[in-house]
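Protein chains in written order, with my numbering: chain A, 1 to 244; chain B, 1 to 329.
Be aware that one or more of the hints could be misleading.
Stated by the list, open to error - Which chain A residues stay away from chain B? Per the calculated CB distances, all over 12 Å, these:
| no. | residue |
| --- | --- |
| 1 | Pro87 |
| 2 | Asp100 |
| 3 | Ala109 |
| 4 | Arg154 |
| 5 | Ala201 |
| 6 | Tyr221 |
| 7 | Tyr237 |
Stated by the list, open to error - Label pairs and their computed distance ranges (CB to CB):
| no. | chain 1 | residue 1 | chain 2 | residue 2 | range |
| --- | --- | --- | --- | --- | --- |
| 8 | A | Pro94 | B | Phe289 | 23 to 33 Å |
| 9 | B | Gly28 | A | Glu122 | 50 to 60 Å |
| 10 | A | Glu122 | B | Gly182 | 50 to 60 Å |
| 11 | B | Ala18 | A | Pro129 | 35 to 45 Å |
| 12 | B | Leu26 | A | Pro94 | 41 to 51 Å |
Just so you know, the hints here were simulated from the structure itself, not pulled from any lab data. Since this is a predicted model, take the numbers as computed values, not measurements. Just so it is clear, CB atoms sit at the ideal spot from N, CA and C, and this is done for glycine as well.
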Amino acid sequence: MTGDALLRVEEVSAGYGRILAFEPLSFTVERGGLVLVLGPNGAGKTTLVKALAGAVALRSGRVLLGDEDLTWVPAHRRVRRGISLVPEGRGTLPGLSVFDNLDLGWHAAARDRRGSRREEFERVLALFPPLRARLAQDSRTLSGGEMQMLAIARALLAKPRVLLLDEPSLGLAPLATARVYEALVRLSAEGLAMVLVEQKAVPLAGVPSTTIVLQTGRVVYRRERARPTEEELADLYLGEGARG
Amino acid sequence: MRRSGRRRVEPLVAAVVAAAVVAVPLSGSGFWLYNLTVVSLYATPVVGLNLLLGLAGQVSFAQTTFMAIGGYGTAILTTRFGVDPWLAMAAAAVLSLAASVVVGLPLLRLRGHYLALATFALALGTTSFAAGATTLTNGTIGISGVPPLALGGLSSASPVVAYAVSWAACGLATVASAVLAGSHVGRAWRALATRQDVAATLGIRVTRYKLLAFAIAALMASVAGSLYVEFTTFVGPDLYDIGTVINLFIMLFVGGRGSVVGPLLGSAVVILGPQLIAGLEQYQNLVFFLLLLALLLLRPAGLLGRIRDPAPLTAILPVWLLRRRLPAR
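Only chain B is shown next, with the shape it has when bound in the complex:
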């Protein structure tokens, strides 16, 4: 009995991405090693966002909140309490999961724009809190000196180790999302994304399934947030500002909502694209914006997407042009 008409192109793209990820450290290029590490660190929360928005149809801007819990949790636990970085990352992940349930239970009962607005407020509140709660977060100065991860005799202070660890996390998130997307859970998410009323009459506990997507997305964001801070040894409120919130959405829409490999591709385009046209200097942002716009006009569902609804992206692209922030080296 045949299952479904999954697009044949995705496994091919996944194989090319995997080959590129393995090949880059062998090339010895510092530029690619660093930038692809950043790609993986952004792709991981986007994989989570894809489960939440691309599959379950829930518009949530809360991913940066959980990245912040991961980042600040790790920084505070390691620098102030001397907790092992791995343990700190795990503790922050547990905290993110708990926070996602506490926040998600009331918010996920809201539908459509209300959920988007509530989580947008949460994202804005996260940056304000990070900047304002100086005794906990050190305010706008942030926290420096976060220790790197130790891996046997290796340390994530080494770019190659950081690259390997971040891609291992991203790969794990991607494989998990592929398994979930193809399972009954994925079908239930897609059902409630299209017809929530019908989903309920098919025995799907709507709030529980939404919460599951929200919690898994939070976990992925938290781990990526922790890794980013451990690799750069610094955390500050700017990492989680509105520019990052929008960037995550752009990455998802460019890669393609509902696609398993799309988040990786979208993150690569958004992180690497501007750098590849850096020679254009003051026109860099404008040209990249026009290229993105052209891409989305030609492929409204994104590079690998299955959903034909470009409206939300066309609404946020101009904002993104004004607020774009690329991760600082």
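Here chain A stands alone, though its shape is the one from the complex:
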């Protein structure tokens, strides 16, 4: 385990009722580091990020941010400590305008870490310029790419130290996915730690610090400073020999 780990996930498992969504899993994320978790539907990826965000109770293990144990800290407090979630399906709030969505993100930040609303809004709007013209618009009327930008912008306004992203490319056109990933690369370069969950290979420049592949809750692949090729991923999901 590295000494300067920002987020430490130790033997964490979670589930619903009697069903265990994923088996005990450990990893660390450093400042500016990226942990990529891949897996098909039902692998336990969403439950993992929800558990890290505090939205699903842990079955076992500990979650530590810096030196602080967040295992029993509820979701609404975890975000103030610096863990912010971009939920699956974008998680924009229909009926609320883009401004309202962003404002909720700004309020989620701990008071001693957030700047003025105008400054913070400018910061995220510079990262996602298409949102600037849409501030008064109901968030349900945005395009898929804009919704994803909004969900990430809102999470960033909470001033996270660790950003959890649940399938940010889901349902997006390749161009929109590329734009979203471009922003994520910039954020990573600025030192933001991320746990990124995806179903398939992603257009990510650079190599994740850790790549984990889950299959029905079990780790079937794990590499440091490496990630599987698309062929390897197909083998992992479908079993070797599945490809023609």
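Chain A is fixed; fit chain B onto it per the hints.
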């Protein structure tokens, strides 16, 4: 930086309503003075219900329970203990707030239909308790002789004073709801109404915000309940029966959930509508029901509403037709 696309029509409707409220006493019409006083007394708990259901998305039938606490609290304190009516109203409001916290803390952890069922049981229990606890409430006979409010040298026994006081309370509730709806609290309510799981990950303490909406709604209902009893000088269990519970919902759905002025408009339609077609005699209820149905088919979100989901109303309209009770003069 622009904020949001609030509907432009609401301020205009608010201005028309305010002008009408000011103009009615000048007209000297007893019919309008009385009926608009009743409209304001029902609109006030509906404003609270709008915060709870229209913004925070919590289906609660408990508004009549807090109206009853306001009404009975005021009646008992004034007639049996000689407490000043203003003080009695304040004491009943504090009691309602306390009751809302005690009841709300466990109930608001329930989601969806469970909360609706639990509060429906509470509403039914309220009427049964009011009718059955004879030593406290005087049972089905109710409590008469509740003293009116004194305001300087004026008394709420005067229809104009009662009108002014009730509209002042209703106006205050409406302005408070507008301020809340536009604030971070309102955004948090709307967030938990749509995605409770996402709201929690945005730092929103879900139960606390639900409880806040529940308590504010209870306060508004309690004050309206007290004023009603002070103006009519009587309280009885029929005031809080299931017909009233349903009426409050109809008023909200007709006016439009999530709209600030909608509760006032909805209350006016439901209170005044049947009276304006009173000439139809035995067909009055049926015609009014058909008009309401047409209105909701044409405008499923209500007159000023933003939420497109008419299902709950279509479910309760037939019940309402059977149980409708208009406030007796």
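Hint-by-hint comparison with the structure:
Some Cβ of chain B comes within 12 Å of the Cβ of proline 87 of chain A; the nearest lies about 6 Å off, and the non-interface call is violated. Its beta-carbon lying about 5 Å from the closest one in chain B, aspartate 100 of chain A breaks the requirement of being farther than 12 Å from that chain. The Cβ of alanine 109 of chain A does not lie farther than 12 Å from every Cβ of chain B; its closest approach is about 8 Å, which violates its non-interface assignment. Under the 12 Å C-beta cut-off, the non-interface status given to arginine 154 of chain A relative to chain B is violated; the minimum distance is some 7 Å.
For alanine 201 of chain A, the requirement that its beta carbon stay farther than 12 Å from each beta carbon of chain B is met, with the minimum near 27 Å. Distance check for tyrosine 221 of chain A against chain B: the nearest CB is about 28 Å away, which clears 12 Å, and the non-interface claim stands. Against the 12 Å criterion, tyrosine 237 of chain A stays outside the reach of chain B, whose nearest CB is about 27 Å from its own CB. A beta carbon spacing of about 32 Å between proline 94 of chain A and phenylalanine 289 of chain B agrees with the range 23 to 33 Å that was offered as a hint.
For the pair glycine 28 of chain B and glutamate 122 of chain A, the supplied restraint of 50 to 60 Å holds, since their beta-carbon distance comes to about 58 Å. Hint check: glutamate 122 of chain A to glycine 182 of chain B, Cβ distance near 22 Å, so the stated range 50 to 60 Å is violated. The given range of 35 to 45 Å is respected by alanine 18 of chain B and proline 129 of chain A, whose C-beta atoms sit roughly 42 Å from each other. Between leucine 26 of chain B and proline 94 of chain A, the C-beta spacing of about 44 Å keeps the proposed range 41 to 51 Å intact.
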